[in-house]
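Each chain is listed here by its residues.
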Amino acid sequence: LAGEKVSGSTDPGKWIPSTCQGCTQWCPVEFFVQNGRAVKVRGNQLSKVNNGYVCPRGHLMLQELYDPDRIKVPMKRTNPKKGRGVDPKFVPISWDEALGTLADKLIELRKNNEPHKFLFIRGRYSPKTYPLAYGTLPKIIGSPNAISHSAICAEAEKFGPFVTEGYWGYRDYDLQNMKCLVVWGCDPLSSNRNVPNTINKIGDLIDRGTLITVDPRLSAIAAKSHMWVPVKPGEDGALALAIAHVILTEGLWSKEFIGDFNDGKNQFKTGKTVDESAFAEKLSHGLVKWWNIELKDRTPEWAEKICGISKDQIIKIAKTMAAAAPQCAIWMGPGAVMSPRGAAASQAIYAINGLLGCVDVEGGVLSHHPKSPSNKLPKIDDFLDDMAKKYGKEKKIDQRGYKQFPALNPDPDKKGNFKPGTAVITNNVATGILNADPYEIKVVVSNWANFNFSCTGAERWDRAMEKVFYVHIGTNPSEAAMYADIVLPAAHHATQKLSIIDNKGNGYTHISIQQPVVGRLWEEKADETEIMYMLAQKLAEKGFPNMINYFNSFKDPETGKHPTGPEDFAEIASKIISSAVWKPKEPLKGDKLNGWEDFKAKGIYNSEPYKYKGLWEKGFPTPTKKFEFYSEGLKIGLKAHAEKYKTTIDDIVESAQYTAKGEEVFVPHYEPPKVWGDPVKYPFILVDFKSRLNREGRSQNTTWFQEFKKVDVGDESWDDVVRINPEDAKKLGIKTGDMVKLTSLTGSITVKAKLFEGVRPGTVSKCFGQGHWAYGKVATKEFNKTPRGGNNNDLMPFDVERFTGSNCRNGGFTRVKIEKV
Amino acid sequence: MPKYGMVIDLQKCVGCGACAIACKTENNTQDRAKGQTFNWADFVMKTEGKFPDVKFTPMPVLCNHCSDAACVAACPVTPKAMHKHENGMTIHNMERCIGCRQCQRACPYSSEDVEKAGTQYSVISFNDFTDEVHPFYKDTKEVIPGCTSSGADVSKRAGDMPPHRTLYKHSDYASVREKGKVEKCMFCEHRVLNGEQPYCVASCPAKARIFGDLSDPNSEPSKLLKKHKAVQLKNNKGELLKPGEKGTQPNVYYIRSFKAEAKKA
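Protein chains in written order, with the numbering used here: chain A, 1 to 821; chain B, 822 to 1086.
Keep in mind that the hints were calculated from the coordinates and are not lab data. Just so we're clear, the structure is a prediction, and the values are computed from it rather than from any experiment. Every residue gets a Cβ at the ideal spot worked out from N, C-alpha and C, and that includes glycine. Relax, there's no trap hidden among the hints.
To be clear about the criterion: a stretch of chain B counts as covered by chain A if any three or more of its residues have a C-beta under 8 angstroms from a C-beta of chain A, and this derived list gives those stretches:
| hint | segment |
| --- | --- |
| 1 | 840 to 852 |
| 2 | 861 to 874 |
| 3 | 956 to 967 |
| 4 | 983 to 991 |
| 5 | 1022 to 1030 |
Once the Cα atoms are required to be at most 25 angstroms apart in a straight line, the calculated DSS-like pairs of lysine-lysine come out as:
| hint | chain 1 | residue 1 | chain 2 | residue 2 |
| --- | --- | --- | --- | --- |
| 6 | B | K962 | A | K785 |
| 7 | A | K179 | B | K876 |
| 8 | A | K731 | B | K871 |
When you get a sec, could you build the whole thing from the sequences and use the hints?
Now the structure itself:
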């Protein structure tokens, strides 16, 4: 309207930094706060990892914080009967009563000389504050059972990088300088790692080079790719080996990184062995061994029949990658490796990065980041009594180190070596509890963990938690909470908890703060700090002061004061850890910070940028200091395990469900997938994947998750669909919108069918996340009665990748049948 | 006076949904109900082809702030509730709105009821005359009585409704709309007037949304429109305007393709 004055403005508010923990990237973020309310979210503007942006998950934190179904007060169960759909008849209780009851239970265990029958389960946590709950409570009571969630969704992914280049962790990728990215078994536009940075850089990467995605389902990144490679689930290893075969026979390996034949002539001819002395290796170890033991016969023709990808396409992938190398990377994710024999695939896929000299270089895979320093919390050792020391040495309830579970983790004392019996087998804890093997578990405490929903074979956790006294710490009445005897309300980590987080990405590392940006609404408390301190006080009241004495030994690095209560304990712990960046002993190479208040205001310390080829110069942290195609570290680990059981490595490998024999074990090799279910009775392979709105299984009670569920390629909002290829659906007489029952060897769920071309025939794909029967009003159709959709974990059986302890959930290890209902 | 518009670069867009959810945090839009989406920013998903040659395209959608706005033409009140600002934005004045929904019927990008129409989105949504706005945060049900909270409790304790309400002021519209009024994307004029980008633009991690003055040949969106062939939506069924077809002269343009296109040798 002409003449009418238009005006507008945002009311005053302040951006306050904190850290998102909606996936494992742990993005530094900022909340816009008006009148003490958090109203908007963005990436921390100073972050070099996320470029100042959050992915869609970040925004969902507001609805998590203000979730109407949050637990307000401690509560206890008054119905002793436990079971799915049984009303626990929770009643509110005081913190005093709740922690008093728990303290009594712990002291009783000690009185009966069975403190090891206590189990602490760690879900979402703060990596730098790990000693506060996970590292303290079980230890000081006298239990070896500090069990982390990590093996539910990741560890097999770390196996390949470790056995080749001695790196145990998630890799980073130099996307801004990359010319060819091969995404393999994950979708970094949606989940896995570095989501905001990948979203930020992928459009330009497409201009610069080639994007290829290997995945049986059409993911978001597959839909964007120049080439979608819908490999048969579980046959990723065959594809990788054939790519390696082409790289060698075509002479496309990195001469700079790997070396060359003495006479410069390529002797890698299909089917023919090569004399090891004919090749002069530079920065790698065992290339010719690998060729002779495995690769010489792994032709694209061979792989085509197994993995469903044509030989021409395999050759094209190999040549495209080699043309871009070293500005090239395979971004490997869990889809290709979190399966019963997935470690071999992990090794094969990752080895290609080495063949092409793409590791630790500009435009390649990065794993040798500059450090962001942090201080360790004081040592607990002086506060452990004889009982704690004695029973702390008992076997762990997850059965790690049993003959069939080598459970390899890096040896802390010897670089690049594996040490058996040291990796967590998270999902096997339920087995341990159910069978009382190695012993009975009587008391369980968990923080931010919902294994009754998030673990495969979820029903086992229902039965396990029926047997124990269980204290659950969480924000919502989750499936696990419904089995609890006492539930403690947790402060929402990103908005209500003070903690210190570290991570890396985009060539940087950082230390970031997680801090309360708003006040508490009810009686919720911070899990790892406040609740632990209050429990320690309670234990002291009841005659066991060791934990509070330990906590009170902490000293504020500025004032020298010791904690006097739960809140200043949280602050002192955070200050101790982070003072390395805001009060450094020597000037740091990254950001300059001026004290604790400056760190709190900025929320982040960024390291200096990545230094390329640092590993090329000083050697890889492997036994040979080379990039190992023949893994000496794996050999050492398996040998130690075999010696413990006075048997052969082959016997151990077989017990661990692998088929390889002899030297084959130590090189990337082909393993036929182990699949649950007869192909005739269960004709379809289930492909499970993660939602780009999934905040580790916790966002389903937000309406924005449900409303925008459709951003998961092929999914429907406010629903849970199984995606079926139209050709398969036609044979079954199924249309989009029909309700279908999916049944595996271990369970059934009923969901809606969706015909979708982005599904490999013979497979069905379904997103993980829906199917909550508890958690709240939005996540369920009817709380504690009817789920919204179905939980994939009711279909997928419990199985373990036994070299690493990884929970199997991918690689097509579950077959299902589909029936119209 | 600038003439604002937006270019959406589909090659940069990853279809993640951050824009659409961020919009809900900025503009405090309520949850879907009775065929109304209340999503000022939303998506149309298209799947073409057959396995394994499948093309999937999520197209971000919002009000097109058309130059020949059908919603404005249809608005029966004087002065019009749905009107054009000189800067090209189609703005809705909440006070003057009588809730007749003529704009919703006239807009080619809107549906009176998305479920009945079978459309994936609607630019204009209508706040019912009878229902409370944001019923989710007025509900008093506790799933575990005495132990868990409720929508009403959360909004009361947080001190506003919705509890994450972003407070802003504008001479035409309120930060939460009222019963009996329509609502739609305002290009975040309350931000743009202060030199900020619309919140969907500011929140896009891919920088796929480029907002600016289309009358200025040197603006970022103008430069992109010169460089790339652009398309515009024809309706809310995902159909595009054909070359030469003007439609309502939408000011939201789409460039490039979601799926990476093979390079020319």
